[in-house]
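K.L.:
Read off the chains here:
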Amino acid sequence: MSLLLDVRGLSTHYVSARGTRVTRAVDQVSFALEEGETLGIVGESGSGKTTLALSLLRLLPPAARIVAGEVRFEGDDLLRKPAAEMRRIRGKRIAMILQDPMASLNPLFTIGDQVAEPIRIHEGAGRRGAWVRARELLRAVRISAPELRVREYPHQMSGGMRQRIVGAIAISCEPRLLIADEPTTSLDVTIQAQYLNLLRDLQRAHHLAMIFITHNLGIVAKMCDRVAVMYAGRMVEGGPIRKIFNAPAHPYTKALLESIPRLGDGRARLTAIDGQPPDPANPPAGCAFHPRCPRVMDHCRKEAPPELVVGESQTARCWLAADRR
Amino acid sequence: MTVPILEARNLTKHFPVKRGLLGRGSDVVRAVDDVSFAIEPGRTLGVVGESGCGKTTTAKLVLHLEAPTSGAIRFEGRDLQTFDGGALREYRRSVQAVFQDPYASLNPRMRVGSIIAEPLVTNESLPAGAARKRVAHLLEVVGLPERSADLFPHEFSGGQRQRIAIARALALSPKLVVLDEPVSALDVSIRAQILNLLRDLQSRLGLSYLFIAHDLAAVAHMSHTIAVMYLGKIVEIGNAETVAATPRHPYTQALFSAALPSHPDEKRDEVVVTGEVPSPLAPPAGCRFHPRCPHAMARCSAEEPALLPEAGRLVACHLYTGVRVSVGAAAR
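Sequences listed follow chains G and B, in order. The opening position of the first sequence corresponds to residue 83 in my numbering, with each subsequent residue numbered one higher. The opening position of the second sequence corresponds to residue -5 in my numbering, with each subsequent residue numbered one higher.
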């Protein structure tokens, strides 16, 4: 296996119009992804997981600035690429699937046009050739009767079909990395299972690396090899999923795993996490989780813990992990 | 046996759909079709199913926001249709609701104190002092500080807003609370807080719940009885642990097998259902699940299965009716 993506010390801040207020949406995040591997980025709203994904593709809104770090993809730092070269990477080398398929598809163009568009732009294929490929891609994402569907419009499809079409567009140029931002949140349970199985089949067929951005630990358990847990802009824990699920090193990860109802366990009460997730514009001093942490110490209130290695390829930002070493 | 708080008998709701030019000719959406269930005092009925299965319409019927096309709702043994104005007012006080989105269900221009007191003001002419006292008590019950009464909804997080919505629902001391996806819009770390609060309130106040959600694990955790709906029909209903541990209807099996694992090593039997939920405008003949069912037989497309007892719960499936064949043989 070889390293596909290596993110080091990435920090993205939102700066207010006058430059007086700075929100550290992504703060000193580092992780790596091998070819064909799946990484789950989990976090609650405001934890910075979507900003992190948009930073990788440099698709940030104007108020956001990448202030530090590097994003090495296939060896090159994406943050140093000229804009024109970035455009050739997006959709071709790195593709993205967003939560709401209706927002990703243009209601005025046929499905065939939209699936064929990246093939025509990135590979310079003619219209006829691109449409042939589009039909194959629709078949690959299990759309029935693709020769009829290419002439139809997004509103004629169900939610699950639309999301599969977005998937077809994403894999149309054989990317190396697919970033999926909450891809199944708008889908029903059985349709979600179908879609996740489809993504896994596509991943195996094309040896794709994937990044799953989600708030759902179940998706991580089902789909991912590694996981990065985000809290208030920082990656508080990262590592292989079995290690994280069996022996979480950060109290937040531990609490999150315990707070979720499971099928077949007869617990009368769930272990709840007290308090609220912090306001990203105004996080607590020290470790951002300290006001909610059951094992808070004096040190946690004053100084934010650095990223500590707690085991083989497992890291945690927690002072407890410093003792554990 | 105790009299159920609420009982639905053959409850049916059809919505007419205008078709064609000038709206002539009409079809009906069978949103809820011949559904029966009972909610016992102090217990929770969980309703699960995918979009379009009729769970929200069921909630609306129970809240008396929609009138049933046929069938009846009985509240404490009395038929709702026989209720006069006074009795209906009493019913509406006794049955309250908490909805999914606490950003949409609270008026942003009202202070939290007035939001919680509003049902008191409109239903009981309480003096201001007494109302304030009730509000303070309700805030305490849902775990919010007393000073919250003077603030506006935007000053609260999602979880706190849902607490406010619960306090408002409790203001009139209801007997039944309809919870329509009460935690779906909340952050993961907050959901357990609200689920625990709802369970505590149930044991403290003896409330009954109609709990509607698509998160199967949350429904199984909260409910005493689970009803699984598909295209307006209940396909399986029974004790929550029984249904969750050994689902019998192929749709319930598919639903629980499609639920996400809680651990990477958790392996489930994959019950593959192909296709998507058909339109409720033209539900399939016979068993409505038969086009997607891995066990479908000739009989399933012709004859609608009745909800019959099977292994300690009710199941509507031909696999368990008539000639007894083992499930394995029928699958082949």
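It is possible that part of the hints are untrue.
In the DSS-like style, the derived pairs of lysine-lysine whose C-alpha atoms are separated by at most 30 Å in a straight line are [unchecked claim]:
#, chain 1, residue 1, chain 2, residue 2
1, G, LYS325, B, LYS261
2, B, LYS54, B, LYS169
3, G, LYS336, G, LYS384
4, B, LYS127, B, LYS169
5, G, LYS336, B, LYS261
6, G, LYS174, G, LYS163
These aren't lab readings, by the way, just hints derived from the structure by calculation.
K.L.:
Are the hints correct? Go through all of them and say.
P.N.:
So, going through the hints one by one against the coordinates:
no.	hint	verdict
1	G:LYS325 x B:LYS261	holds (17 Å)
2	B:LYS54 x B:LYS169	holds (17 Å)
3	G:LYS336 x G:LYS384	holds (22 Å)
4	B:LYS127 x B:LYS169	holds (21 Å)
5	G:LYS336 x B:LYS261	holds (22 Å)
6	G:LYS174 x G:LYS163	holds (15 Å)
Violation of the numbered hints given earlier is absent; every hint is satisfied by the structure.
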